[in-house]
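First to last, the protein sequences are chains P and E.
Under UniProt numbering, the letters of the first sequence match residues 1 to 319, in that order.
Under UniProt numbering, the letters of the second sequence match residues 1 to 271, in that order.
Honestly, the hints are just simulated from the structure, not real lab data.
Be aware that a few hints might be false.
To be verified - The following residues of chain P were derived to be distant from chain E, with all beta-carbon distances above 12 Å:
(1) A64
(2) A111
(3) L226
Stated by the list, open to error - What follows is a list of derived Cβ distance ranges for each label pair:
(4) E/Q232 / P/V121: 34 to 44 Å
(5) P/H317 / E/P188: 48 to 58 Å
(6) E/L35 / P/V71: 45 to 55 Å
(7) E/E65 / P/R310: 47 to 57 Å
(8) P/G162 / E/Q154: 51 to 61 Å
(9) E/L35 / P/A161: 19 to 29 Å
To be verified - Some but not every residue of chain P turned toward chain E, in silico, with C-beta under 7 Å:
(10) F65
(11) A127
(12) A281
Idealized CB from N, CA, C, for every residue including glycine.
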Amino acid sequence: MTTTAGTRPPRSSAGAAHAAKRRGPRTEALWGYAFIAPTGLGLAVFYLWPVLQTAYFSFTEWGAFGGHTWVGLENYTRLIADPEVGRAMLNTLMYTALGLIGIPVAIVFAALMNRQGLRGVSVYRTAFFLPVVTMPVAVAMLWRWLYNGDYGLVNQVLSIAGIDGPNWIADPATAMYALVVVGIWSSVGYNLIIFLAGMQGIPKELYEAASMDGAGRVRQFFRITLPMLSPTAFFISIVSVIGSLQLFDLVFVMTGSGQSARANPAYSRLQTVVQLFYERAFVTNDRGYAAAIVIALLVLIAALTVAQFRLQRKWVHYV
Amino acid sequence: MSERRPLGVHAILAVSSLLMVAPFVWQIITSLKTLSSTTAVPPTFLPEGRWDNYAKVFDLLPFGEQFLNTVIMAAGRVTGQVLFCSMAAYAFARLRFPGRNLLFGVFLSVLMVPPQLFVIPQYQIMSSLGWLNSLQAIIVPGLFSAFGVFLLRQFFLALPREIEEAARLDGAGPVRIYWSVMLPLARPGLIALGILTLLWAWNDLFWPLVVNTDPEKMTLSAGLAALQGQYQTDYPVLMAGSLIASLPVIAVFVFLQRQFIQGVAHTGSKG
Numbered sequence: 001m002t003t004t005a006g007t008r009p010p011r012s013s014a015g016a017a018h019a020a021k022r023r024g025p026r027t028e029a030l031w032g033y034a035f036i037a038p039t040g041l042g043l044a045v046f047y048l049w050p051v052l053q054t055a056y057f058s059f060t061e062w063g064a065f066g067g068h069t070w071v072g073l074e075n076y077t078r079l080i081a082d083p084e085v086g087r088a089m090l091n092t093l094m095y096t097a098l099g100l101i102g103i104p105v106a107i108v109f110a111a112l113m114n115r116q117g118l119r120g121v122s123v124y125r126t127a128f129f130l131p132v133v134t135m136p137v138a139v140a141m142l143w144r145w146l147y148n149g150d151y152g153l154v155n156q157v158l159s160i161a162g163i164d165g166p167n168w169i170a171d172p173a174t175a176m177y178a179l180v181v182v183g184i185w186s187s188v189g190y191n192l193i194i195f196l197a198g199m200q201g202i203p204k205e206l207y208e209a210a211s212m213d214g215a216g217r218v219r220q221f222f223r224i225t226l227p228m229l230s231p232t233a234f235f236i237s238i239v240s241v242i243g244s245l246q247l248f249d250l251v252f253v254m255t256g257s258g259q260s261a262r263a264n265p266a267y268s269r270l271q272t273v274v275q276l277f278y279e280r281a282f283v284t285n286d287r288g289y290a291a292a293i294v295i296a297l298l299v300l301i302a303a304l305t306v307a308q309f310r311l312q313r314k315w316v317h318y319v
Numbered sequence: 001m002s003e004r005r006p007l008g009v010h011a012i013l014a015v016s017s018l019l020m021v022a023p024f025v026w027q028i029i030t031s032l033k034t035l036s037s038t039t040a041v042p043p044t045f046l047p048e049g050r051w052d053n054y055a056k057v058f059d060l061l062p063f064g065e066q067f068l069n070t071v072i073m074a075a076g077r078v079t080g081q082v083l084f085c086s087m088a089a090y091a092f093a094r095l096r097f098p099g100r101n102l103l104f105g106v107f108l109s110v111l112m113v114p115p116q117l118f119v120i121p122q123y124q125i126m127s128s129l130g131w132l133n134s135l136q137a138i139i140v141p142g143l144f145s146a147f148g149v150f151l152l153r154q155f156f157l158a159l160p161r162e163i164e165e166a167a168r169l170d171g172a173g174p175v176r177i178y179w180s181v182m183l184p185l186a187r188p189g190l191i192a193l194g195i196l197t198l199l200w201a202w203n204d205l206f207w208p209l210v211v212n213t214d215p216e217k218m219t220l221s222a223g224l225a226a227l228q229g230q231y232q233t234d235y236p237v238l239m240a241g242s243l244i245a246s247l248p249v250i251a252v253f254v255f256l257q258r259q260f261i262q263g264v265a266h267t268g269s270k271g
């Protein structure tokens, strides 16, 4: 079929429109609905309807045997006064804010790798990307071991320099920072790939013109690369803020849940909103309250996304 | 002068690449140690060849079953998404029908919602179907993806129209055109979606953790989380388990590196 296509005269598009007309727009429309039906029904049943149900559940209280009764705004008034929710929100916001450090880190490494004719780039890229494809549960287990207070590699290395390292993820003073390092380690490769793709889209003429004017590499980086990359950086910051606000896997595996988690003295510094949601929804089966927590998360995500779109005028350059 | 600077760049990149990889090296070394030598100060760096740590993972967990569950779940989600998303994406990109833009907007709205909002009602559905602790439970909701429709629609829109119009002139209907013209042309897009779906399915924790609590029906990530809950400090066994669980996707990544990286780059290109 493709071979005949190549030999068709260019007028074929008018003929095709004619043929389509003959077949009738109604048939085409029916096929259109048929083609979107599987995904459409699946999204409706498993995604769209559940959102409405979750919103409804947030106004209910659940009994021990699964029944639920309407309680109005009670879950929300409880939520506002609940210190655990406030703490989880603060932890999550702190993780999100600190995680943004990963963006400049990724830009710097992408710029280093983006040099013309630099050999071995694919090896470096692979090394940076490995953590991205590694199962987060495995990542968390691995870092729990690296961070171990007595025998972890981090403290063993520090002891060479005579530093007596803390028990990183069990020490309230260090737990959050230790977690952020893992978060950046496992996401920098993803951001790097996107930035590299963005850098390849910057017209070479800009750099040529700049070096004719005598601008060195560093100057070119700040005057050309960074401004041209700002839309990419904006995209990454939207995506990573949304992702960070939903952090669960890393903390869940590093701290565990329930009794054993509470034994970790840093637990109250690490617990995230989604982790709290998990406990209310599936450990204590307080699903109405859990629904309210996750609606609050939705509001938080929406607010921060809107705020970023508002702020983009100040720093994002569109050509 | 100019030859010296790449050397500096190489030095920076090489050292940081080593730092990125070092945790994995330590993971492998630890997985081959005895429990008592993990507490050596200073640490020992030579692997000890204690392969029985790997055998122990299979004793402590129904690891074989969990491995199979994960493979089946990932294969099911990848097949379903590539098929269903490409169908919907083709319709949104090429067929004309009333309400097309509105429906596409509704599909996109799913992308805006954090996935935790779906979980409680999805759990209720699974529970009422009697599907808790089953393979269907971890596969079926993952067959549908608004992201996949969005990604593939971009691919279809970028394809030249001439070929399908020629096919239409030859009398091919929408199904023929979709199957024998559009799908082969959109192969890079299908591969990108397939790879991303594989990665996310294999590494998914929250949903499998919630819906399948019977160890025999768990996926690897939930099983590992459970293993860690029980054997908090048996690091050689934990490292062996986490290594075999994450290795399949790492292997796919190493073999399909170009496609993997293009797939990831695509997620950013239309932001």
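Verification of the hints:
Every Cβ of chain E is farther than 12 Å from the Cβ of P/A64; the closest lies at roughly 15 Å, confirming the non-interface assignment. With a least beta-carbon separation of about 10 Å from chain E, P/A111 fails to lie farther than 12 Å from that chain, contradicting its non-interface assignment. Residue-level check passed: P/L226 sits 17 Å from the nearest beta carbon of chain E, beyond 12 Å. Our hint of 34 to 44 Å for E/Q232 and P/V121 holds, since their Cβ atoms are close to 40 Å apart.
Distance hint check: the CB atoms of P/H317 and E/P188 are about 30 Å apart, inconsistent with the given range 48 to 58 Å. Separated by about 51 Å at the C-beta atoms, E/L35 and P/V71 satisfy the suggested range of 45 to 55 Å. The hint said 47 to 57 Å for the Cβ distance between E/E65 and P/R310, and at roughly 50 Å that hint holds. Judged by the Cβ atoms, the range 51 to 61 Å given for P/G162 and E/Q154 holds: they are separated by roughly 55 Å.
For the pair E/L35 and P/A161, the supplied restraint of 19 to 29 Å holds, since their beta-carbon distance comes to about 28 Å. Contact between P/F65 and chain E, as hinted, is not supported at the beta carbon level, the nearest pair being about 12 Å apart and thus beyond 7 Å. Checking P/A127 against chain E: minimum C-beta separation of about 4 Å stays under 7 Å; hint holds. A hinted interface residue such as P/A281 counts as satisfied when its beta carbon comes closer than 7 Å to some beta carbon of chain E; here the least separation is about 6 Å, so the hint holds.
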